[in-house]
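Protein chains: 2
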Amino acid sequence: MKRKITLKQIAKELDVSISTVSKSLRNSPEIGEETRLRVQAFANFYHYKPNNIALSLKNRRTKTIGIIIPEIVHHFFSTVINGIEQVANENGYNVVICLSDDSFDKEVLNMELLANGSIDGFIMSLSKETQFKGDFHHIIEVINQGMPVVMFDRVANEVICDKVIIDDKLAAYEAVQSLIDKGRKKIALLTTADYLSVGKLRTDGYIKALLDNELPFDDDLIIKIEDVDTCEIIIARLLEDKAIDAVFAVNELFAVTCIKTANKMGLNVPKDLAVIAFTDGIISKYSTPTITTVSQSGIKMGNRAAQIIIDRLESEEDDEEETYVTEIIETYLIERESTN
Amino acid sequence: MKRKITLKQIAKELDVSISTVSKSLRNSPEIGEETRLRVQAFANFYHYKPNNIALSLKNRRTKTIGIIIPEIVHHFFSTVINGIEQVANENGYNVVICLSDDSFDKEVLNMELLANGSIDGFIMSLSKETQFKGDFHHIIEVINQGMPVVMFDRVANEVICDKVIIDDKLAAYEAVQSLIDKGRKKIALLTTADYLSVGKLRTDGYIKALLDNELPFDDDLIIKIEDVDTCEIIIARLLEDKAIDAVFAVNELFAVTCIKTANKMGLNVPKDLAVIAFTDGIISKYSTPTITTVSQSGIKMGNRAAQIIIDRLESEEDDEEETYVTEIIETYLIERESTN
Numbered sequence: 001m002k003r004k005i006t007l008k009q010i011a012k013e014l015d016v017s018i019s020t021v022s023k024s025l026r027n028s029p030e031i032g033e034e035t036r037l038r039v040q041a042f043a044n045f046y047h048y049k050p051n052n053i054a055l056s057l058k059n060r061r062t063k064t065i066g067i068i069i070p071e072i073v074h075h076f077f078s079t080v081i082n083g084i085e086q087v088a089n090e091n092g093y094n095v096v097i098c099l100s101d102d103s104f105d106k107e108v109l110n111m112e113l114l115a116n117g118s119i120d121g122f123i124m125s126l127s128k129e130t131q132f133k134g135d136f137h138h139i140i141e142v143i144n145q146g147m148p149v150v151m152f153d154r155v156a157n158e159v160i161c162d163k164v165i166i167d168d169k170l171a172a173y174e175a176v177q178s179l180i181d182k183g184r185k186k187i188a189l190l191t192t193a194d195y196l197s198v199g200k201l202r203t204d205g206y207i208k209a210l211l212d213n214e215l216p217f218d219d220d221l222i223i224k225i226e227d228v229d230t231c232e233i234i235i236a237r238l239l240e241d242k243a244i245d246a247v248f249a250v251n252e253l254f255a256v257t258c259i260k261t262a263n264k265m266g267l268n269v270p271k272d273l274a275v276i277a278f279t280d281g282i283i284s285k286y287s288t289p290t291i292t293t294v295s296q297s298g299i300k301m302g303n304r305a306a307q308i309i310i311d312r313l314e315s316e317e318d319d320e321e322e323t324y325v326t327e328i329i330e331t332y333l334i335e336r337e338s339t340n
Numbered sequence: 001m002k003r004k005i006t007l008k009q010i011a012k013e014l015d016v017s018i019s020t021v022s023k024s025l026r027n028s029p030e031i032g033e034e035t036r037l038r039v040q041a042f043a044n045f046y047h048y049k050p051n052n053i054a055l056s057l058k059n060r061r062t063k064t065i066g067i068i069i070p071e072i073v074h075h076f077f078s079t080v081i082n083g084i085e086q087v088a089n090e091n092g093y094n095v096v097i098c099l100s101d102d103s104f105d106k107e108v109l110n111m112e113l114l115a116n117g118s119i120d121g122f123i124m125s126l127s128k129e130t131q132f133k134g135d136f137h138h139i140i141e142v143i144n145q146g147m148p149v150v151m152f153d154r155v156a157n158e159v160i161c162d163k164v165i166i167d168d169k170l171a172a173y174e175a176v177q178s179l180i181d182k183g184r185k186k187i188a189l190l191t192t193a194d195y196l197s198v199g200k201l202r203t204d205g206y207i208k209a210l211l212d213n214e215l216p217f218d219d220d221l222i223i224k225i226e227d228v229d230t231c232e233i234i235i236a237r238l239l240e241d242k243a244i245d246a247v248f249a250v251n252e253l254f255a256v257t258c259i260k261t262a263n264k265m266g267l268n269v270p271k272d273l274a275v276i277a278f279t280d281g282i283i284s285k286y287s288t289p290t291i292t293t294v295s296q297s298g299i300k301m302g303n304r305a306a307q308i309i310i311d312r313l314e315s316e317e318d319d320e321e322e323t324y325v326t327e328i329i330e331t332y333l334i335e336r337e338s339t340n
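Going down the list, the protein sequences come from chains A and B.
Residue 38 in UniProt numbering sits at position 38 of the first sequence, and the numbers go up by one each step.
Residue 313 in UniProt numbering sits at position 313 of the second sequence, and the numbers go up by one each step.
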């Protein structure tokens, strides 16, 4: 018996990308005819079977939900998974998890792996690379074949499906507003260098809060950090040169590094510098001083994502005109020592 | 088409435990004949199919490794998974993860789910409940059917398979010895209340280090913590009553809580109290002061576990007398501010 060939092996053999193979097998016009036919012929010869989800969906239920997340050493994603597990288990569903490692290729491979009969539907958050590429064919394909997908946190407008998100712009706005309410006037933003949907929205919220309060907006106070291990120097320069009195950081690693740097320079947090972090994780809870954070409500996000997909899987209707929901989970500020 | 019935559904219908169903279907003499026959008849009626791994193993390779871990919001397990992913991906293997939530039943269900054709082998760490029950039939069964299992960290002597562990006793011994070398004489142990193999071994290492150095062993200095959120009071009492000069904590949450409590009481860490934590996570790296830790080398553990299972899967031999390895990953002390 011949072993089943995978997308990855086809890509390697023909020296093309996984995306090219995947699209060729779906007859995508994006791929030139020659390549397309070559991939199809090769796949055919080796009996490659693409997902035939639609054929089997009606008759089988695995009672299993597949989750694809970008990374695992990440408190937010871990809490979302716990939230999904809670509701899934209550409803008799199993959960299997795959990691994309923020890679587009791995995301495509994971979807291929799980969609091939192991699961009933996906809950997923996009890899950075997928967001950057803007290539969502693998997700759209699965949806078109009738398998429900719920996206959370890192979602794409281009994909029409159920989504569970927070209002990143509003959450950032409220965090910055709370700093302004406490009398802070020169507030810096520590953000990531990569262009993710959520990073952009948080920046928008930061800027809007400044403008609404008629505070000057200074581009030099938006610091894009490439690498958390070397960002101390950049933060030290910011603290030295700019005489800021508050920082809004898009994650807790930036926030805690900022606090440590400030302490080394003899600044007192929160007296000289107030700090708020996006995402409530364990660092914020256990650092000295403890850090005020925007709670992303990972558990609640997971609960809702699981409930939405289970409702879809168990609804008897076979409605042609589906209406998808985008559910916005409320965020709130957890006040701790770094601002009070 | 009838939906496939699961172990869980059979257990629920017959009002018996999942373990009873699982063992009855395997004709285990542990289960009374009446129950066994009743379960078998019911399963038969609903066309329940137990894993027929042995039948299919020779002919198919999914190139997928299944991981079962107790929990996900846990830095150590996350790093092991990253380590597994690295080696798996280099070798063209996919990885799927299931969580047992430290529940025996979920561990059994996860194994049933994945062993049913989705994966080629397991890498797993036992749930607390499984360790407590001492019931490993679900793992032994899978191994007997010819599917390789590699256990890591929380392993069982009763299961004969490849294992990747650290020497918990030696690692604890070395940590306590390093405190003694720094002149500390009254060292407390903060440990967990539950009886896990690793907790026991770390306690043994702690005691041995004291005895080898002819330091008095005081049972009152071994504090078993049930709940990290309420342990501050217990730690405060320890610091007040016992005039200790060092603490060895079996995890970083206990360590950071101890440091915070000491600070509140006006004690200086490390001057008045040196602290070492088992497991190197992000809290230790970012707390103030930073915490000296025993590195469990999660990445390396994951790397080795993946390599061992891939070697087994790809070896051509069909050796009847298999020899299993127990690989011990070296630990080392990461010296930080809490001891220096």
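Because the hints were derived from the structure by calculation, they are not lab data.
Each residue gets a CB set at the ideal place from its N, CA and C atoms; glycine is no exception.
Any given hint might turn out to be false.
Label-pair ranges, simulated between beta-carbon atoms [unchecked claim]: (1) B:D15 x A:A41: 24 to 34 Å; (2) A:D15 x B:E90: 38 to 48 Å; (3) B:I222 x A:V228: 52 to 62 Å; (4) B:D212 x A:Y332: 51 to 61 Å; (5) B:V16 x A:E226: 23 to 33 Å; (6) A:F45 x B:G92: 53 to 63 Å; (7) B:N263 x A:D15: 38 to 48 Å.
Below, in silico cross-link-like pairs of lysine-lysine (DSSO-like), each with a Cα-Cα straight-line distance of 30 Å or less [as the list claims (entries may be wrong)]: (8) B:K128 x A:K285; (9) B:K271 x B:K63; (10) A:K128 x A:K271; (11) B:K133 x A:K260; (12) B:K300 x B:K128; (13) A:K271 x A:K300; (14) B:K208 x A:K271; (15) B:K208 x A:K182; (16) B:K285 x A:K285; (17) A:K271 x B:K224; (18) B:K128 x B:K185; (19) B:K300 x A:K285; (20) B:K169 x B:K300; (21) B:K285 x B:K200; (22) A:K271 x B:K264.
Hint check results:
no.	hint	result
1	B:D15 x A:A41: 24 to 34 Å	violated (56 Å)
2	A:D15 x B:E90: 38 to 48 Å	violated (19 Å)
3	B:I222 x A:V228: 52 to 62 Å	violated (37 Å)
4	B:D212 x A:Y332: 51 to 61 Å	holds (52 Å)
5	B:V16 x A:E226: 23 to 33 Å	violated (57 Å)
6	A:F45 x B:G92: 53 to 63 Å	violated (20 Å)
7	B:N263 x A:D15: 38 to 48 Å	violated (60 Å)
8	B:K128 x A:K285	holds (26 Å)
9	B:K271 x B:K63	violated (53 Å)
10	A:K128 x A:K271	violated (36 Å)
11	B:K133 x A:K260	violated (45 Å)
12	B:K300 x B:K128	holds (23 Å)
13	A:K271 x A:K300	violated (34 Å)
14	B:K208 x A:K271	violated (47 Å)
15	B:K208 x A:K182	violated (54 Å)
16	B:K285 x A:K285	holds (14 Å)
17	A:K271 x B:K224	violated (38 Å)
18	B:K128 x B:K185	violated (33 Å)
19	B:K300 x A:K285	holds (29 Å)
20	B:K169 x B:K300	holds (19 Å)
21	B:K285 x B:K200	holds (26 Å)
22	A:K271 x B:K264	holds (19 Å)
When the structure is compared with the earlier hints, violations turn up for hints 1, 2, 3, 5, 6, 7, 9, 10, 11, 13, 14, 15, 17, 18 and for no others.
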